[in-house]
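**Q** Could you put the whole structure together from the sequences, leaning on the hints where they help?
Protein sequence lines correspond, in order, to chains U and R. If you count the first sequence from 1, position 232 lands on 308 in this note's numbering, and the numbers rise without skipping. If you count the second sequence from 1, position 16 lands on 38 in this note's numbering, and the numbers rise without skipping.
Heads up, some of the hints might be wrong.
As the list claims (entries may be wrong) - Per the computed footprint, the stretches of chain R lying under chain U, defined by three or more beta-carbons under 8 angstroms from a beta-carbon of chain U, are:
| no. | segment |
| --- | --- |
| 1 | 49-60 |
| 2 | 127-136 |
| 3 | 238-248 |
| 4 | 260-274 |
| 5 | 285-296 |
Said to hold, decoys possible - Residues from chain U that face chain R, not an exhaustive set, calculated with beta carbons under 10 angstroms:
| no. | residue |
| --- | --- |
| 6 | 154 |
| 7 | 169 |
| 8 | 175 |
| 9 | 177 |
| 10 | 264 |
| 11 | 312 |
| 12 | 319 |
Since the hints were derived computationally from the structure, they do not count as laboratory data. Every residue, glycine too, gets a C-beta built ideally from N, C-alpha and C.
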Amino acid sequence: MLAILLMAPFVWMLLVSLHESRSSIPVLRDLWPKEAHWENYRFVLLHPDVPVFRFLLNSLVVAGAVVAGQLLVCSMAAYGFARLRFRGREFLFSLFLGSMMFAGTVTQIPTFLLVRQLHWLDTYWALIVPGIGSAFGVFLLRQFFLQIPLEIDEAARIDGAGEWKVYWKVILPMSRAALATLGAFAFIATWTDFFWPLIATSSQDMRTLEVGLSIFKNSYNGQNWPLQMTAAVVTLVPVLAVFLLLQRHFVKGVTIGSIK
Amino acid sequence: MKRSGTPYFFIAPALLHLVVFGFLPIMFALWVSFFDWKILKGTMPFVGLGKYQELMNDPGFGNALLNSAKYALVSVPTGMAVAVLVALLASDQIRAAGLFRTVYYIPAVCSTVAISMLWIYVYLPENGLINATTALFGLKSVDFLNEQGWAMPALAFMSVWVGLGPRMIIYVAGILGIPPSLYEAAELDGARGWRRFWSVTWPMLAPTNLFVLVTGTIAAFQLFTPVYMMTRGGPLDSTDVLGYHIYVESWKKFHVSNASAQSFLLLVVIGVLAAVQFKLAKRQLEGYSAG
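**A** In structure tokens, the structure reads:
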């Protein structure tokens with residue numbers, strides 16, 4: 077029952093997107109379209125004024141790069157914190173934990189100024205590099221790595237493997253589920269991020285789909301609901317696909333913070 | 023174990039990123055807030071705590087702080103209560119079928135911009151989902167997003183819907199983690215229904231509650247995208263929350279120092295709230311273990 081209540085708006089969205097373009101918002105009685113206007117999707121993706129297809133490509137490039145970067149950077153740090161002993165380990169880890177409490181708002185302006193100084197504004201660098209580190213990711217992967225018995229590393233070392241080999245050939249292959257969890261989180265967070273791409277890009281060709289959707293909405297100024305909803309569905313489909321594909325891992329990631 | 027630089031090699035990239043995109047920006051924001059940086063004029067005189075004193079007497083900032091507090095005070099406890107109820111009703115089902123979890127979770131992973139567009143429709147005065155429904159019962163139509171008393175509750179209600187999935191999953195995990203022996207003991211004492219809930223489930227959920235409360239409050243004080251999409255802080259600044267207020271100060275008015283001081287105060291407010299919540303929860307936990 078509740079599930080229906082939660083899903084109803086999405087069904088509405090999909091149905092309205094199939095109504096004839098420029099038709100007014102359908103009353104509930106006429107919600108089911110008399111014929112499905114799939115050409116709305118073609119029109120939105122190849123829109124003459126708003127480059128929706130380019131937005132989609134940008135979002136894919138940026139989210140893909142952030143996922144790859146976060147998996148590498150966070151898993152390396154998590155390996156260090158979970159499997160190696162070194163001076164200052166506890167202190168450095170507490171820095172990561174502490175930074176999870178920060179409000180993102182406070183870093184906006186300085187990060188913008190830094191990225192401008194690097195001449196990265198309105199480029200993929202600005203959209204990718206600030207996203208490739210994640211304290212949450214380090215924490216999450218460390219929790220998983222800690223559960224792998226230490227004997228496994230030692231056996232590999234006795235066989236002559238260096239630290240990098242232990243990390244790359246032993247620990248990472250055993251942690252596919254954990255990496256999928258972080259990957260899902262990073263993809264969804266990057267795909268749905270609105271504020272940073274809004275201020276870090278200015279030309280239409282560098283906008284991500286999330287910002288592009290708001291441009292699309294504004295260009296119709298509250299009119300033409302079928303096309304607006306078509307654009308919204310285009311934005312939702314990739315992120316939903318990733319979520320449905322990895323949902324088991326995703327749920328695990330949500331609960332790990334609440335239970336030690 | 024041999025001593026070498028290898029461990030530092032593994033953590034270096036993440037640490038470098040944390041310093042450059044985490045700690046340095048925060049230090050810089052603090053530093054800028056002690057100056058009166060006029061971007062357009064290119065001047066930057068030192069004013070010490072002057073910006074913070076200004077903020078104390080700034081009605082716009084006071085209004086934004088109050089709006090954020092209102093939003094957090096309404097949306098976070100309501101969201102928690104709804105999530106606990108659903109989790110209690112659904113915990114058996116969910117254990118059985120993963121499908122339910124997935125459905126509940128969908129709103130939370132969706133693009134906030136798309137969700138906001140959806141809710142603009144839900145709240146439309148003509149033909150909107152709510153008004154079309156209430157009209158069946160002969161109620162007068164309400165322009166939720168453009169009436170002063172309604173816009174803020176409308177935003178809070180939407181956040182309850184969006185946040186239900188993740189919160190519920192966390193509560194279900196908490197509920198499933200309660201040892202069955204406690205329920206058996208309560209049964210022997212004759213506790214059933216609500217009494218069982220208040221004497222066993224609720225106290226055992228204290229750590230879960232704390233987690234949901236702290237993360238929910240932090241998120242509530244940073245609300246931005248729905249306000250940007252749906253109300254632009256209006257009507258009459260009644261939804262001008264801190265996240266949106268700071269955005270306008272910095273990116274529309276170029277008051278960089280004001281915005282830095284405001285965002286730093288926001289950081290402090292969130293830190294204090296989190297600390298208070300931790301302290302209260304700790305006292306509660308100790309109370310239970312002593313009693």
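**Q** Within the assertion that chain U covers the segment 238-248 of chain R, do at least three residues meet a Cβ-to-Cβ distance smaller than 8 angstroms?
**A** Three-residue rule met by the segment 238-248 of chain R, so holds; n is 5.
**Q** Please verify the coverage claim for the segment 127-136 of chain R: does it have three or more residues whose C-beta sits within 8 angstroms of some C-beta in chain U?
**A** holds (count 9)
**Q** Is the interface hint satisfied for residue 177 (chain U)? The criterion is a beta-carbon contact with chain R at less than 10 angstroms.
**A** Holds, because the Cβ-Cβ distance from residue 177 (chain U) to chain R comes to roughly 6 angstroms (cut-off 10 angstroms).
**Q** Min Cβ distance, residue 175 (chain U) to chain R: is it shorter than 10 angstroms?
**A** 5 angstroms, holds
**Q** Please count how many residues of the segment 49-60 of chain R have a CB within 8 angstroms of a CB from chain U and say whether that reaches 3.
**A** Coverage by chain U holds here, the residue count being 3 at a Cβ distance below 8 angstroms.
**Q** Quick one: see if chain U covers the segment 285-296 of chain R, three-plus residues with Cβ-Cβ under 8 angstroms.
**A** holds (count 7)
**Q** Return the status of the interface hint for residue 154 (chain U): holds when the least beta-carbon distance to chain R is below 10 angstroms, violated otherwise.
**A** 8 angstroms, holds
**Q** Does the nearest C-beta of chain R fall within a distance shorter than 10 angstroms of the C-beta of residue 319 (chain U)?
**A** The hint holds - residue 319 (chain U) has a Cβ within 10 angstroms of chain R, the shortest such distance being about 5 angstroms.
**Q** How about residue 264 (chain U): closest beta carbon in chain R under 10 angstroms, or not?
**A** 5 angstroms, holds
**Q** Taking 8 angstroms as the C-beta cutoff, is the stated coverage of the segment 260-274 of chain R by chain U satisfied by three or more residues?
**A** Per the Cβ count (6), the hint holds.
**Q** Was the hint right that residue 169 (chain U) lines chain R, CB cutoff 10 angstroms?
**A** Holds, because the Cβ-Cβ distance from residue 169 (chain U) to chain R comes to roughly 9 angstroms (cut-off 10 angstroms).
**Q** Does residue 312 (chain U) meet its interface restraint, that is, does its C-beta lie within less than 10 angstroms of any C-beta in chain R?
**A** Constraint on residue 312 (chain U) satisfied, holds at 5 angstroms.
Of the hints listed earlier, there is not a single one the structure fails to meet.
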